[in-house]
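Student: Here is what each chain is made of, one letter per residue.
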Amino acid sequence: MTAHIEILNVSKRYGALTVLDGLSLSIKANEFMVFLGPSGCGKSTLLRMIAGLESVDEGTISINGQRIDTLPPGKRDIAMVFQSYALYPHMTVADNMAFGLRNINMPADVISARVAEAARMLEITHLLERKPGQLSGGQRQRVAIGRAIVKEPKAFLFDEPLSNLDAALRVRTRVELAQLRNRVRSTMVFVTHDQIEAMTLADRIVVMNNRKIEQIGTPMEIYSQPASRFVATFVGSPTMNFLRVSLSNQNGFARATLPDGTELQTSIPLESIDGSEHSIGIRAEAIKRANGAAATTTGKVDVVERLGDRTLLYTRLREGSIIVAEDIGNSRVAIGDEIALSLDGMRAHLFDSSGRAWHNQEASHG
Amino acid sequence: MSSVSSGMIGRSTGDRIVLALTIGMAIVMMAPIAWVVALSLKDNKELMTDMNSVFHAPYTIQNYINILATSSVFRWILNSVIVSGVLTILTLVLSSLAGYGFARLNFPFRNALFVLVLLGLAVPEQAVLIARHQLFSWLKFHNTYHGLILPGLAAPFGVFLMTQYFRAIPRELDEAALLDNASRFKIFWKVLLPLTLPAQATLGIFTFLSSWNDYFWPLISGTKKEMYTLTIGIASTQTNFAQSEGLGFLMSQAVFAGAPILILYLFFQKYIVTAVSGAAVR
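Each protein sequence line maps, in turn, to chains A and B.
Quick note: the first sequence uses the UniProt record's numbering, first residue 1, plus one each step.
Quick note: the second sequence uses the UniProt record's numbering, first residue 1, plus one each step.
Isolated chain A (complex conformation) (with noise of 0.2 angstroms):
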């Protein structure tokens, strides 16, 4: 049994602070859903909300058709992998596992079975004996993870459970989760502050910034159409680069001069546009180095970062705003190179004073 949750206009106040403001949000069944955003944005309480250990101030949480917000966290038959892994510290590995079903009188046979597939599915076998002191972070990890399986709910529930473990081991068990989410078929929610994470492991994600949900998507549609300039900011890296523009109508389209007076062609049909002042977004993807007749505009590179497959060329313009560009790995530019620079204009977005987005065509239909 797997969940679809429903949360419909929920509020979350502490005092005079409100953290969530009249939020909706349909998860489907078996769905890998990720929350992102800054640290503050809502989205831990969010989560907490829906496992019951936040309460509801106004709306509604459902699973499956049933309203849960009113039932205490164990009657709502989820799991949840914290942050710091909670695992019961004078426990043994299998006894932390094992807890949950021994509250609800599952029979000891049974248990032992299930604590025993779920050992042998996370390679923790030969770690059941022991206790979460004599554990890595990584191990650690896999313990929380199976101390969630062996109740076998209808959601599992992930509180930035990556975020303690060392960067090369973050990647591994990134890859694990993701290896996991594909043998055992449940609704996962996933916490986090990372856009890789969310990238790499969600089916869609739900973009929340200052109490609101500023964008719900698949990771490429969050990448390549972000609803906001906040989206275009947050997800992607390097970040976006914008610039001031004015706009003109070229058959029907906008077209972009930027500052220096480089101009970008656009298929976003102009009369779409509303507000005064634009800025253009562009990914550093789509600005290239170029050569003779390719270059839109140049620039002293100030910065040079080599990636290995990549170099990326912080390149300051000649009317002063720095962009960021990519080159390949093994690029010849150095600091203070004089570069040409080719810049996409069909590869753009455009934003307004308020932060809303617009989209080139091929975009939106990719």
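No lab work stands behind these hints: they were computed from the structure.
For glycine and all other residues, C-beta sits at the position ideal for the given N, C-alpha and C.
All clues given are correct.
Derived list of chain A stretches under chain B, where covered just means 3 residues or more per stretch with a C-beta under 8 angstroms from a C-beta of chain B:
| no. | stretch |
| --- | --- |
| 1 | 45–54 |
| 2 | 67–79 |
| 3 | 99–110 |
Keeping the supplied structure of chain A fixed, place chain B upon it in accordance with the hints.
Tutor: Below, chain B without anything else, positioned relative to chain A:
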């Protein structure tokens, strides 16, 4: 292995000074105890004539045989064991429950009540002694075990210690247990309480020691000889029999009274040192 890392060779001058001072302090501390033990092993008449005889043979265990044969020491020890043991257990139970309540439960006037408990630390026993004596006299609690035990149960330090300890336990453990379908009592009993064992050991040891060594209240409440605790019993022999029965006998009773505490210390040495050093760090 390099010789530098072992023995005195690798020690700095500062380390040596500290070591010498530590040894000196240990001698100062140990000397009175050694003196008491030595006196207890000497014949009373020999000590009356020559105090220096303590430094040479013959030694005897006759004083200890006399304790076992004649005095009420065993009854007093039993009284002390009952009073200190029951008081320690009840203090641990009450302090743990109160500590959990203050640390984890939301109830009206929680902070005000906690401050009230802490104020108990500032009230000296002498300030309430007469009122308590009158109350216990009216209740006919004097010369009973509960009369000796009850006043010690008001243990603000224990409540404070356990509250702080429960507060230091991450709330995620409560939350994980809630999601594991555990009741609030089960969370307290199965998840949190076992994690407070170091604090329980510390509190238990200090409660037992202070109750065992307590002199003031047992002197007032236990006026009949059969209800004396060990401290009161020993003191009564000093008053009545010290001159006639001799210094050696008196010292043997002191050793007898101190031995249980020494044994307790040896068993729980690790927790006591941790408790004291922890308190120092805080």
